[in-house]
Amino acid sequence: MALIDLIEETVVRAPLKAVGKEAVIRELVDTLAAAGKILDAETAYQAVLDREAKGSTGLAEGIAVPHGKTISARELTIAIGVSPDGVEFGSMDGKPARLFFLILAPPDKAGPHIEALAEIARMSRSKAFCSALASCRSPTEVVRMLKEE
Amino acid sequence: MTRPIRKIMVYVDGSEQSITAAQYAIVLAKALGAELYALYVVDTRALAELVKSRIFLESEQEEYRRDLDGDASRYLNHVRELARRKGVPVTTEKSSGAVHVEIKAKVSEFAIDLLVIGEISQIRSRRDELYNETERAMRNAQCPVLVAKGEDKIWDLYEAME
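Here the protein sequences line up with chains A and B, keeping their order. Residue numbers for the first sequence follow our numbering, so the first one is 1341 and each next one is one higher. Residue numbers for the second sequence follow our numbering, so the first one is 62 and each next one is one higher.
Treat the hints as calculated values from the structure; they're not laboratory data. A quick note: this is a predicted structure, and the numbers were derived from the prediction, not measured. All C-beta atoms, glycine included, are put in the ideal place defined by N, C-alpha and C. Among the clues, some could well be false.
[To be verified] Pairs of lysine-lysine residues, derived as DSSO-like cross-links and limited to a Cα-Cα distance of at most 27 angstroms, are as follows:
#1 Lys-1394/A with Lys-113/B
#2 Lys-113/B with Lys-165/B
#3 Lys-167/B with Lys-1449/A
[Claimed, not checked] Partial list, derived from the structure: chain A residues whose beta carbon lies under 8 angstroms from chain B:
#4 Thr-1397
#5 Leu-1399
#6 Val-1405
#7 Met-1432
#8 Gly-1451
Put together the whole structure using the sequences plus the hints.
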């Protein structure tokens, strides 16, 4: 399944309200819960925090890819967040993260999980595209840009 | 004239589309009296790519590798069970590497006459076309390729088969 097939306005937060790392993760997990994509926000939130405790998923160029395996997700699911001012995420280049892709997958669906992450890894190589995406000010803009990519 | 399709291979990646493809391959194998193979490829290239891009930690790569091995066994067992229900013998094969490369290699190794794959996600950009593994397998395989579309119709065919 292509990543784009999972993206709809209900799973996008643009702009994010949160200004801290854990708060961003919480906001995105809650977005998925509100959209009916996960069964239990708390379990999912803890799975992502546990992964972040091993090492930050903040990449270079303002992108972060927090992810986790959880039984709370019935299928692979993704939330996207945009923070215009950026959030300190412990990124490898020390810069604040502005674009967040939060991915949750059930423990027995490693294949689609890896496929989705690999798609984001490829997308993150396009600095111009990621910069444009991070400039979006509404879920509608984010979805339109991703679908037109 | 010799039968044009004596060996069929279905590529299974755990997606619903690939399970539908497996059902269709079972139907075809039974109807044509062909040998059936099912292949799962553990995508180690994607894992390496995720470590390189720093999305994965080295330890995470190993953890997901084990998960993928588990997926492979689970989905190949599922195909084996689907085939057994219809009295069709199936040879299952687990491989690892770049998906499209492995599919091409196994098609050649087993002298496959027809590769069956699941419906491909809509290609939305040149980038999709370059990176979608099933799309690449379809273009690179050295044998006819059948894309199993129409989940409901295939389900009915599978269920109706004695």
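These are the hints, each one checked on the structure:
no. : hint                      : in the structure
1   : Lys-1394/A with Lys-113/B : 17 angstroms, holds
2   : Lys-113/B with Lys-165/B  : 25 angstroms, holds
3   : Lys-167/B with Lys-1449/A : 24 angstroms, holds
4   : Thr-1397                  : 6 angstroms, holds
5   : Leu-1399                  : 6 angstroms, holds
6   : Val-1405                  : 5 angstroms, holds
7   : Met-1432                  : 6 angstroms, holds
8   : Gly-1451                  : 4 angstroms, holds
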